[in-house]
Amino acid sequence: SQQGEEDPQALSIQEGENATMNCSYKTSINNLQWYRQNSGRGLVHLILIRSNEREKHSGRLRVTLDTSKKSSSLLITASRAADTASYFCATDEEGNTPLVFGKGTRLSVIA
Amino acid sequence: GAGVSQSPSNKVTEKGKDVELRCDPISGHTALYWYRQSLGQGLEFLIYFQGNSAPDKSGLPSDRFSAERTGGSVSTLTIQRTQQEDSAVYLCASSPYSPEAFFGQGTRLTVV
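These protein sequence lines map, in sequence, to chains H and W. Quick note on the numbering used here: the first sequence kicks off at 1 and runs consecutively. Quick note on the numbering used here: the second sequence kicks off at 1 and runs consecutively.
It should be emphasised that the hints constitute simulated quantities derived from the structure, not laboratory data. Everything numeric in this text was worked out from a predicted model, so none of it was measured. Take these hints with a grain of salt, some might be off.
[As the list claims (entries may be wrong)] Which residues of chain W face chain H? A partial, calculated answer using Cβ under 10 Å:
1. Tyr33
2. Phe45
3. Tyr48
4. Ser95
5. Ser98
[Claimed, not checked] Per label pair, the in silico range of CB-to-CB distance:
6. W/Gln83 x H/Lys26: 26 to 36 Å
7. H/Glu55 x W/Gln83: 41 to 51 Å
8. H/Ala82 x W/Glu68: 36 to 46 Å
9. H/Ser12 x W/Gly16: 33 to 43 Å
[Stated by the list, open to error] Here are the computed lysine-lysine pairs in the DSS-like style, where the Cα-Cα straight-line distance is at most 27 Å:
10. H/Lys26 x W/Lys57
11. H/Lys69 x H/Lys26
12. H/Lys103 x W/Lys11
13. H/Lys103 x H/Lys56
14. W/Lys57 x H/Lys103
Note that CB positions come from ideal geometry on N, CA and C, so glycine has one too.
Okay, chain H solo, but in the shape it has when bound (with noise of 0.2 Å):
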């Protein structure tokens, strides 16, 4: 089963320019989380917020999390063409819960 809807499904910018990606989910969560993956292998944790927070920042990236409209943001600030990649977001819910995954946004930086 799949919780969370990014979009877009595919952005693609310049090098230095913003990227913001959203996603969306459907039930209570404990937390959500962000995830990158290169060339559809493993995937690698970003930045993690818990349902009582807001707003969180680790270097370039800017998370966001609205609970009364079940949704999230990622913003990578001043993008380099090594951030290339596809994004996920993963959300888990009270109690024993598997991590369930997105459908990603796959973003291109272009030189």
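Fit chain W to the supplied structure of chain H, relying on the hints for placement.
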């Protein structure tokens, strides 16, 4: 002390054969996940092990799929009587007692 290890990295099998995919999680991680990813698609949840609790098998697509986790460590995902639609990358992840998951590099399964 490395990360999550999956083997084999690539597997080509004939339709109808059984396959076993292996995952070695990070030592001490209590949670282990299996996901399937078709080309250009998102991650489809398959099964989740957490400590000594009964596994959450709600994502397994058919009774041809099964998974075990022995001694709370290594896990094997078995697909019986493989079909062409089983072709995908199978990803394993492990997690300590926190939500962050650490992924292996996956096994690319091709059923011909």
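Ascending list of hint numbers which this structure does not respect: Failing hints: none at all.
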